[in-house]
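Following the hints, position chain B against chain A.
So the chains spell out like this:
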Amino acid sequence: MRNYELRQAIGAFKKYGLFSGLRYLYYRCICAPRLVMRGQPIDRTPARTDLSMHMLFGSRDFLMALWSLASFYQVFPEVGVLVIHSDGSLTRRQLRILAKLLPHARIEDTTAFLNDYGSTLGKYPALVAFRRDFKGFQAKKLIDQYVVSDAPYRIVLDADMLWFRTPDEMVESLRSGIPQPRMMSNGDTVVPVFFADGSETAEPVSRANSGIVMYRRDQFSLDAVAAYVARTDYLNKKFTDQACFASVLKPILLDDRRYCIKGELTSEVVMRHYTSPQRQKFYLYGLDRVARAILGRYVRN
Amino acid sequence: MASTGWRALSWVDMCAINGTTKKDPEIVGRMNAVTAHRGPEGSRILELPGVTFGFNRLAVIDLDERSMQPLMSASGRYTIVCNGELYNYRELKGDLDGYPFKTEGDTEVILAGLERFGIAFLGRLNGMFDFALWDAHEHELVLVRDPAGVKPLYYAMHGGELFFSTEMRALIEAGVPRTVDQESLGHYLRFMYVPKERTMFAAIKKVLPGHALSYKNKTIIHRPYHSSFVTDILHSYADAVAAVRSRVSDAIERQLVSDRPVGVYLSGGIDSSVVVSQAVRVHPNINTYSIGFELEESEDSQKFNADANLARETAKYFSTKHHDFRLRSTDVAELFPKMIAALDAPIGNATTLAQFYLAEQTKPTATVVLSGEGGDELFGGYERYRLAHLAAWARVPRALSRFLPGRLRYLGFSGVERYLQLMAVKDSVLQPMYRTALPDSRSLFEEDFSEAGEIVDQLMRVDERNWLVDEALLRADLMSMAASVEQRVPFLDLEVRALAHALPRSYKVTGRNTKRILKDAFRDVLPGIVLNQPKRGWFSPGAKWLRRPEFVALTREVFSDGYTEASALFNLDAVRAYESAHRARTAYHYTELWATLVFLAWARRHRCTV
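From first to last, the protein sequence lines stand for chains A and B.
Quick note on this note's numbering: the first sequence kicks off at 2 and runs consecutively.
Quick note on this note's numbering: the second sequence kicks off at 40 and runs consecutively.
If we strip away everything but chain B, and leave its shape as in the complex, we get:
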């Protein structure tokens, strides 16, 4: 794959950062070892008075030793370890004349910017990143995560010291207790991921997207920092369409830059097709990848492969070099333990397996892949947004709505209630499986709904802040990094994000249309089959896998008494009864069974305690 000719985006794209305020290089060495899969091309530890930094490196662009981290600023005030990349570092560098740059990379630009502009400089960073910064003057450790939350970052207080890492497994390795947070488990069973700052481990927390956590004098302070990306006033819908076309195209072009092979994950939906449509302008025969499922005819093969088939047609339309992988049901049980090993946090979505398989298959031909994550949340792609808009318009009284059939009965709910109805597994289904009372999930999201705006704006905001960050992006990061593939998400470029946030709802979702403006912006380049397809989620035949003989043996083992200490949290008789009923097709319990299966297998892998 040819590079685009100009110097690539960064020296160090994929990596893991680790560290602690304790003077203990041995512990940080162990943290580096367990996260080596994220950066197998070099590891380094740096001890400073007050902090020990660790870094694992996978150089996508250049192997120059100067670019190895940690890096120290010219004055010696700041030292940094950074995971990820900046897309606008060349532009930022232009404002930093006079700084004695030693590398051509992006990480040093952060140091130079902080030296010149202070913490306000964070708002100008466009990229996917997390980093830890030691301020020797203030004797302060600052942990920073990108505003869109593309890259994960965790921390824990243990033995009076702060530990941090890109992955939770490193914190566990450092001795942070493995106790399961039962409240998080309750949220996980409801939503299939753990939202907000909690994690499945009681002692570990997330640094929230767009936040800087500072640690000084044994005190933690969380500060949101504000992205300074803005957009011109758009006078008309036509102006907005042109702006979307231009910003999305620019973002895709920026993110195609790499000296290693680049590809695109293609689902056949609008978002990934938009990415391909612009990618082929730079790399005419770019590799595209999709995944389908080998199923028997009786297993709705067509239904589960509709996306893959559409992706194949789309790839043909754009003349890409398409790789269409098929995951065989017979291989799934064998793949499951490998996926669990790659899962740093439990995610109860069977698509994770397919994503893991896809990343493994992609690796030989691409080290960097672009995907369409974020397009639905920013431009209003989900059907539930349209229904919510119609419901708000129709103002169906709640008392009446209960008499409506199927999903229409949700027309009577609003705000956080609507969200929970749409997104959470019902307590009546979950509670029999779970030994303790399920937590209050409503209060988690109430703040998101307390901000002003129409119901569609609220739903999009809550999805972008929660499901996208803590499920979709985390899943993408973990599964791609497990195969040492870097997944980039151009729709979450901060310029695109700022534009999408500035657009009125009516440009995105109407009573008849979802993702209206994105479709209009790329209507002339997308094939009709993509534009005219109804919106489908990308889902795997997990419910069917659970009924296969290979999987039945696995579930029996995982759902057996004493499989792991965390098994004690479940009423396993009820779980097994659900499993039997699901297998016998007398009831459908796929969602809760899969989430429980993943959690228990994950808990055993991490030797969780309760």
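Pulled out of the complex, with its shape left as it was, chain A reads as follows:
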């Protein structure tokens, strides 16, 4: 077990107690890898060529991303082309697994992005500099998904989420041509972003979460992204992608009781986003809900 995983496991024992710690180990180390061991595709054939679905992850979140996608495919009826944005850390074995489990997916290496697509950003030298100099994943998530696909509709998803029910609002919006962009909500939590000039993002923008971003291509604008980036002090790591997405797209926020970050997994919950501080809960209070449906024969009654 690598250091990160070890820290997570120890954290599970510390935060949630002995029983939950053992439960975490079971789901993380025994149950979750079965998805890989099973070796069966988890995706579905894309029925829509006008929709691209994007997810960025690396080696650390590999297993989590597979489960997230497996649960997403289980409940989402409109299947577009999946683009996986590798952060460059995926091993050869992991790439082989992706090819087997997600045979219809396209994999884009974010480390090769500027070589492959840099010319597309020719009009935006500031964005090229931002994409090159800002080392966090946020720049990749924000820019790559827009540039690598021509699909008119797109959904950007985080890898640390589990899906439980069909997201009717998203499906309806997609079928109606996404009249207005949609993003997740942080619920009651407002996370203002401070700009270089000391000003901060307004309340609706500060409440958006980029776990889910859904928009029509013409609703997104690199000009607007460039203008937003120019106001930030990203070299001092003062940048979040969610505020930028929200600022550019001006989205409707999804109901935070159904697309949630905190709280009980009620029968209303469509999707839960297990953000960084609560990664252990992905395995403790999430995977147990979807494992049977996804693994089928591998989980005992």
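Each hint should be verified, as a subset may be incorrect.
DEER-style ranges, computed between Cβ atoms [as the list claims (entries may be wrong)]:
no. : chain 1 : residue 1 : chain 2 : residue 2 : range
1   : A       : T50       : B       : R481      : 32 to 38 Å
2   : B       : A433      : A       : F20       : 50 to 56 Å
3   : B       : G115      : A       : T50       : 22 to 28 Å
4   : A       : M38       : B       : A613      : 50 to 56 Å
5   : B       : P436      : A       : T112      : 47 to 53 Å
Think of the hints as simulated: they come from the structure by calculation, not from any bench.
Even for Gly, the Cβ is constructed at its ideal location relative to N, Cα and C.
For chain B alone, kept in the frame of chain A given last:
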């Protein structure tokens, strides 16, 4: 029979679609004429640049002329002829605001959806249908068949043009060669139906379920399209039970909607009893129908009528208006030629006769009937699934299994081998009857078994894709349509199908139980006699009929030299020897004799060549 009050499902339920890329209304007129039994209430031909469409209509709901097909989309880009119905067209219509609908029917919804969403819209259609679509912009003909394969659709290339129809007889009428496909005949003799895309005619092919065939610039491209029906993640077995109850009940309720009398075919098994249990909530005194056989006591009357007797008890339990028909052995030989006339493709199952008789008897009191087809394949109803699961668990080595008695010896086989052992007539029995070498049937099914999953999942998948589509559903369609009765199959509603596919094997088949979740979902409403009955197939006393004097005269004629050109494909001395031995009870050759009898009678009827 009262309608449910809201506007019914579709304008045009039963019909036949015909057409060709040739500009020839006269040929399409002839195709319409030979399929008029599917739609005797009107016929129409439409010539467009690049395609000629034909349509026969039987309006179950409304006779409005506006709904007559072919229909053209508002922009004039698409023109459609459609057979069947959509169950979710009202819901789909809600997403199509702004489209200038001219009818209240379902067919126009397909046009509107395709105009707005393109081909991806096909995945959202829930129903039993096939249709032909002309895209005037692309100059392309598209043939589409529903994902479950409830409705048949055939095509052929002839004289450089593409012909299509709901029935093969229309293609023959259009001049497509009548040559028997000998490979298909071999498969038919083994399985009693022709699986996959082949048909008994060498020149005719099926459009596969869930496929769209496009024809453009003289090139055919087959594309699977993917149903977009999904199901929520089911956290527990209890959640899954509730979901099955809800989706199956909704599907039955949806399919009960009709302005003409509705009934249910009741066998006394779990599936049809589930359908009745939910149907009586909408129509408390609904007509139910079952069929038994009038046999002499010495002919195991009890055994062959167990289902009909159980159906009678079940009907009494639900207080339905039950019609219990009995097919007399003396009438069977007389009925046989009529059944052959109705058979568009040969099906070597004697139950076809009973089904034909049942549809004829049903017609005066019901135009639409619901039945339980698909329940076994989706929810794991066959005993062989349970045995396969036990065998996988027990892991009996093949070398040892040959010493086991009876069916237990199959415990040593796996995958496609197990399937062939269970489903195919042995070559050692067939080959003496047949003049040429039997084809390789194994490769037909290997692809189905190459997909991952437990043996039970594989067997269910192969049954659903093959036997269900090319035998059971085809038989149901042909026999019911022969009497102008529409047979609906709520278990194959695409929402139910998506749910059943998402359920783990252990919810369906265990070492002790088959159809576990379906039984649990409806346990509180089904009578104990149904729940506790062992699983039986619905079978007819065909073996006994073959020994009756009336039938002996028929078989002698059919098995005589020169009865039909296709007789030359058989070693008739061997066939007659089998028949004699069967009649004398020195050997049991019912399966192969019945299949041969049906094929030869069918080949003569269609003037097949070899």
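Now the hints, each set against the structure:
{"no.": "1", "hint": "A:T50 x B:R481: 32 to 38 Å", "verdict": "36 Å, holds"}
{"no.": "2", "hint": "B:A433 x A:F20: 50 to 56 Å", "verdict": "36 Å, violated"}
{"no.": "3", "hint": "B:G115 x A:T50: 22 to 28 Å", "verdict": "25 Å, holds"}
{"no.": "4", "hint": "A:M38 x B:A613: 50 to 56 Å", "verdict": "52 Å, holds"}
{"no.": "5", "hint": "B:P436 x A:T112: 47 to 53 Å", "verdict": "52 Å, holds"}
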